[in-house]
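Number of protein chains: 4
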Amino acid sequence: MEAEIIDEPGALAERMGITIAEAAPERIVGSMPVDGNTQPYGMLHGGASCVLAETLGSIGAAMYAYRLFAGRAVGVDINATHHRAAREGTVTGVATPLRLGRTVVTYEIVITDDGGKRVCTARLTCVLLRS
Amino acid sequence: MEAEIIDEPGALAERMGITIAEAAPERIVGSMPVDGNTQPYGMLHGGASCVLAETLGSIGAAMYAYRLFAGRAVGVDINATHHRAAREGTVTGVATPLRLGRTVVTYEIVITDDGGKRVCTARLTCVLLRS
Amino acid sequence: MEAEIIDEPGALAERMGITIAEAAPERIVGSMPVDGNTQPYGMLHGGASCVLAETLGSIGAAMYAYRLFAGRAVGVDINATHHRAAREGTVTGVATPLRLGRTVVTYEIVITDDGGKRVCTARLTCVLLRS
Amino acid sequence: MEAEIIDEPGALAERMGITIAEAAPERIVGSMPVDGNTQPYGMLHGGASCVLAETLGSIGAAMYAYRLFAGRAVGVDINATHHRAAREGTVTGVATPLRLGRTVVTYEIVITDDGGKRVCTARLTCVLLRS
Chain A
37 MEAEIIDEPG
47 ALAERMGITI
57 AEAAPERIVG
67 SMPVDGNTQP
77 YGMLHGGASC
87 VLAETLGSIG
97 AAMYAYRLFA
107 GRAVGVDINA
117 THHRAAREGT
127 VTGVATPLRL
137 GRTVVTYEIV
147 ITDDGGKRVC
157 TARLTCVLLR
167 S
Chain B
37 MEAEIIDEPG
47 ALAERMGITI
57 AEAAPERIVG
67 SMPVDGNTQP
77 YGMLHGGASC
87 VLAETLGSIG
97 AAMYAYRLFA
107 GRAVGVDINA
117 THHRAAREGT
127 VTGVATPLRL
137 GRTVVTYEIV
147 ITDDGGKRVC
157 TARLTCVLLR
167 S
Chain C
37 MEAEIIDEPG
47 ALAERMGITI
57 AEAAPERIVG
67 SMPVDGNTQP
77 YGMLHGGASC
87 VLAETLGSIG
97 AAMYAYRLFA
107 GRAVGVDINA
117 THHRAAREGT
127 VTGVATPLRL
137 GRTVVTYEIV
147 ITDDGGKRVC
157 TARLTCVLLR
167 S
Chain D
37 MEAEIIDEPG
47 ALAERMGITI
57 AEAAPERIVG
67 SMPVDGNTQP
77 YGMLHGGASC
87 VLAETLGSIG
97 AAMYAYRLFA
107 GRAVGVDINA
117 THHRAAREGT
127 VTGVATPLRL
137 GRTVVTYEIV
147 ITDDGGKRVC
157 TARLTCVLLR
167 S
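Protein chains in written order, with the numbering used here: chain A, 37 to 167; chain B, 37 to 167; chain C, 37 to 167; chain D, 37 to 167.
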C-alpha cells in the first residue's frame, strides 16, 4: 500500500506536477513547480501550498495508519499561513509528525522556495479508521 | 480590475476547471469538477477545496480593496475542515465576508456537492495593501 | 450527563464568568463578561474568545456523543479569527454544528458584543470516542 | 513599553496564573498551572492553551512592532491542535517567530507538559499597525 500511494499520486497532484522525494510516516518530502500553479498575478496560488501540504501529510498519515492496524487516514482539518510570495522555480515541502496517536495524527508541513526561504507553514490533522 | 480578475482566473484555477458564477465583495460563487481534482482514492482532494476557497475569497478581497482605496489584497491565513467526501459531479463554493475592515478582511467559504451537502467549511483572512 | 455538564462548567469557565443559556447538540449559547478577561490594553483577550468557543462547542459535542452511543468527545482542532475589539459589557457565543458525524463533529461558534457586532468566528473539531 | 508588557500581563493572564520567563521578539517563554484552568473532566481546558499561546505570541509581536516603528500588533488569526491531555502540574509554552514582516508577523507556539510531552501546537498571526 505504501508503494501504491507513492506510485499513484492522484489526479490533482499529477496535474500540478507534485513529485515525492521521500515517504515514511516520520518524514515526507515533495516538490512542485510554481509555474502552472499560480493565481492571477503570477505568484504561487495559496491553495497550491495547501494541496502540497495536504498531499504530504496524507501520505504520512496513510502509511502510519497502515503500519499501525492496516487502517486508513482521512484528512479533517488543515490550516496554512502564507509567509511570502513565490514567483518562480520550485517549492519544496517537508512534513513532520507532531503527534502520532491511535485515533488522530497531526503533521506540520513547512514549504520553502529555492532560496530556502519559508513560503508557508501548514498543519494537517487526520483521523485514523480501521478499514 | 474587477473584470480582469474574473476574466483571468490564473493558471491553477484554469487547470482545475474552476469557474466563477458571481463576483462582488459581498458574495462570490464558483464551481469546479471533482474529476481531475482527486487524491489517490478517487475522492476530491482536500487541497482542491482549499484552492476553490482561496480563489473565491481572494476575488472578493481584491474587489473590496480596489473599491476601498484602489488597493490590493494578500491572502495570509486559511483554514478548512473537510466534512465529507465528494466522489463525482461538481462542487460549488459560496464566499461571504465575515468582516470587511480597512486593514483586514475575512471571508467564510462553504463548499457543497451537487446534492447540497456540505463538503467543506473554510475561512480566509487577507491583509489589504495600498498599492 | 447533559445536565451535569451544564451544572459543572469546569474551573476555567467558572473563573472567567462563563454562563450557559442554552445547551443542546444543535445549538449552544453562552456569555462572559469582558471585564476580568482582558489583555494588557484592556480589551477582551483573544484567547478568552477561544475559551468561550471551545467551551460551547465541547458541550454540544459531549451531548451529541452521549446521545449517539453514550460516548464522549475530545476537542482536537480549534481556529479563531478576531474581527474587532470588545472593551466592555458582555460577549455572547452561539455554537452551531456544521457536521455531526459518527467519528468527527465540527461546530462553528460566532461571538458578538452587546451591540450585536461580530467579535470572533471560530471552528472546533472534536473526535468522538466510545468510552 | 516592552517592560510594561511583561510587568502587566493583563487581567486574564493574571487570573490564570500565567508567568513569563523570557520575552524578546525572537523567543517568548511562559507557563501556567493546570489546576484552575481545567474543563469539567479535570483536564487542562483547550482554550487555556489558546490563551497561553496568544499571550506569548502577542508579547513577541508587540515587542517587534515597537522595535520596528514604535507601532503595535493586533492578533488576527489563531489556530491550535490539542495533542494530548494535561491533568496536573504546569504547562510551558515557547513562541518562535515563523515570519517577521513589516505588515504581518506569525508565531508558532509549542506547549509541553512537565514531562516534556507536547500538549498543543498553535500558530498566531498578528497585523502590525503604526499607532
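Just so you know, these hints were derived from the structure itself, not from any lab. Built from N, CA and C at the ideal position, the CB exists for glycine as well. Some clues are possibly wrong.
A short, non-exhaustive set of chain B residues, derived as facing chain D with CB atoms under 8 Å [what the hints assert, rightly or not]:
{"hint": "1", "residue": "D113"}
{"hint": "2", "residue": "N115"}
{"hint": "3", "residue": "L136"}
{"hint": "4", "residue": "T139"}
{"hint": "5", "residue": "V140"}
{"hint": "6", "residue": "V163"}
{"hint": "7", "residue": "S167"}
One-sided and incomplete, this derived list gives chain B residues near chain A with beta-carbon spacing under 10 Å [stated by the list, open to error]:
{"hint": "8", "residue": "G72"}
{"hint": "9", "residue": "N73"}
{"hint": "10", "residue": "H81"}
{"hint": "11", "residue": "G82"}
{"hint": "12", "residue": "S85"}
{"hint": "13", "residue": "G107"}
Covered by chain A, per the in silico footprint, the following chain D stretches (three or more residues, Cβ under 8 Å) [unchecked claim]:
{"hint": "14", "segment": "89 to 103"}
{"hint": "15", "segment": "115 to 121"}
{"hint": "16", "segment": "131 to 143"}
Structure-based check of all given hints:
Among the interface hints, the one on D113(B) holds; its C-beta lies about 4 Å from the nearest C-beta in chain D, closer than the 8 Å criterion. Because the closest C-beta pair between N115(B) and chain D is about 6 Å apart, less than 8 Å, the hint holds. Proximity of L136(B) to chain D is violated relative to the hint, the smallest CB-CB distance being about 14 Å (cut-off 8 Å). Against a cut-off of 8 Å between C-beta atoms, the interface hint on T139(B) holds, since the closest Cβ of chain D lies about 6 Å away.
A hinted interface residue such as V140(B) counts as satisfied when its beta carbon comes closer than 8 Å to some beta carbon of chain D; here the least separation is about 6 Å, so the hint holds. Taken as an interface hint, V163(B) checks out: its beta carbon lies about 6 Å from the nearest beta carbon of chain D, inside 8 Å. Given hint, S167(B) at the interface with chain D, is violated; its Cβ is 12 Å from that chain's nearest Cβ, farther than 8 Å. The closest approach between the C-beta of G72(B) and any C-beta of chain A is roughly 5 Å, which is under the 10 Å cut-off, so the hint is satisfied.
Because the beta carbon of N73(B) sits about 5 Å from the nearest beta carbon in chain A, less than 10 Å, this interface hint is met. Because the smallest distance between the Cβ of H81(B) and any Cβ of chain A comes to about 4 Å, under 10 Å, the interface hint for this residue holds. For G82(B), the interface hint holds, since its Cβ comes within 10 Å of a Cβ in chain A; the closest pair sits about 5 Å apart. Here the hint on S85(B) is kept, as its CB sits about 9 Å from the closest CB of chain A, short of 10 Å.
About 13 Å separates the beta-carbon of G107(B) from the nearest beta-carbon of chain A, more than 10 Å, and the hint is not met. Against chain A, the segment 89 to 103 of chain D contributes 0 residues with a C-beta closer than 8 Å to a partner C-beta. That does not satisfy the three-residue criterion, and the hint is violated. Check on the segment 115 to 121 of chain D: 4 of its residues sit with their Cβ under 8 Å from a Cβ of chain A, so the three-residue criterion for coverage holds. Check result for the segment 131 to 143 of chain D against chain A: holds, 4 residues qualifying (beta carbon to beta carbon below 8 Å, three or more required).
Violated hints for the displayed structure, listed by number in ascending order: 3, 7, 13, 14.
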